[in-house]
Amino acid sequence: METLLLLVLFAIIAAVFATQNTISVPMMLFGYSIKAIPLYLVVFGSILIGLLSSSIISLVNSISTSFRLHGKDVKIKETKKTVTDLTKRNHELEQEITKLKEQNAKTTTEKQA
1 METLLLLVLF AIIAAVFATQ NTISVPMMLF GYSIKAIPLY LVVFGSILIG LLSSSIISLV
61 NSISTSFRLH GKDVKIKETK KTVTDLTKRN HELEQEITKL KEQNAKTTTE KQA
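Under the UniProt record's numbering, think of the first position of the sequence shown as 1, with each following residue one higher.
These are calculated hints, taken from the structure and not from any lab test. Ideal Cβ positions, reconstructed from N, Cα and C, are used throughout, including at glycine. A few of these clues could be false.
[To be verified] Pairs of lysine-lysine residues, derived as BS3-like cross-links and limited to a Cα-Cα distance of at most 27 Å, are as follows: (1) 99 - 111; (2) 101 - 77; (3) 111 - 101; (4) 88 - 99; (5) 88 - 77; (6) 101 - 80; (7) 88 - 101.
[Stated by the list, open to error] Pair ranges (Cβ atoms, derived): (8) 69 - 38: 44 to 52 Å; (9) 100 - 72: 53 to 61 Å; (10) 75 - 99: 18 to 26 Å; (11) 79 - 107: 38 to 46 Å; (12) 99 - 64: 50 to 58 Å; (13) 55 - 30: 18 to 26 Å; (14) 60 - 6: 35 to 43 Å; (15) 58 - 4: 47 to 55 Å; (16) 69 - 27: 39 to 47 Å; (17) 52 - 4: 34 to 42 Å.
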């Protein structure tokens with residue numbers, strides 16, 4: 001509802017601007033000359049080009065950010081897998097240490113007896 005009200009307000013302001021700026025102005029663009037174009041069309045055209053340009057830049061930025069985030073997600077998954085593998089290896093080594101300690105204790109008691 002708020003968006004609709006803002007849109008209506010903007011449309012009213014644009015209509016008032018257009019009715020008050022009907023003066024024809026000459027315009028040169030890339031070597032082409034337009035002899036008489038209403039001033040409000042020049043202004044609205046400039047606004048439209050600005051909005052379109054910023055939308056394209058925003059889209060490119062969003063796509064770039066999406067690719068970067070995907071790369072980070074892949075890196076996080078790889079790191080989690082590495083942590084899991086290292087935890088598993090650590091557990092195996094702890095078991096091996098326990099077995100070696102038991103063997104060492106047996107060997108020591110056998111030598112003492």
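The hints, checked one at a time:
With a C-alpha separation of about 18 Å, the suggested pair residue 99 and residue 111 falls inside the 27 Å cut-off, and the hint holds. Between residue 101 and residue 77, the direct Cα distance comes to roughly 36 Å. Violation of the 27 Å bound is thereby established for this hinted pair. A distance of roughly 15 Å separates the Cα atoms of residue 111 and residue 101; the hinted pair therefore holds under the 27 Å criterion. Pair hint residue 88 plus residue 99 holds up; C-alpha atoms about 17 Å apart against a cutoff of 27 Å.
For the proposed pair residue 88 and residue 77, the alpha carbon gap of about 16 Å is at most 27 Å, so the pair holds. The suggested pairing of residue 101 with residue 80 is violated, with an alpha-carbon distance near 31 Å, which exceeds 27 Å. Distance check on the hinted pair: residue 88 and residue 101 sit about 20 Å apart at the alpha-carbon level, within 27 Å; holds. For residue 69 and residue 38, the Cβ-Cβ distance of about 46 Å falls inside the hinted range of 44 to 52 Å, so the restraint holds.
The hinted window of 53 to 61 Å between residue 100 and residue 72 is violated, with their beta carbons roughly 41 Å apart. Between residue 75 and residue 99, the C-beta spacing of about 36 Å breaks the proposed range 18 to 26 Å. At about 41 Å, the beta-carbon gap between residue 79 and residue 107 stays in the expected band of 38 to 46 Å. Between residue 99 and residue 64 the C-beta distance comes to about 53 Å, which sits within the given range of 50 to 58 Å.
A hinted range of 18 to 26 Å holds for the C-beta pair residue 55 and residue 30, which are about 23 Å apart. Our hint of 35 to 43 Å for residue 60 and residue 6 is violated, since their Cβ atoms are close to 27 Å apart. The hinted window of 47 to 55 Å between residue 58 and residue 4 is violated, with their beta carbons roughly 23 Å apart. A hinted range of 39 to 47 Å for the beta carbons of residue 69 and residue 27 is consistent with their spacing of about 43 Å.
Range check, residue 52 to residue 4: Cβ separation about 23 Å, and the 34 to 42 Å hint is violated.
Checked against the numbered hints given earlier, this structure breaks hints 2, 6, 9, 10, 14, 15, 17; the rest are met.
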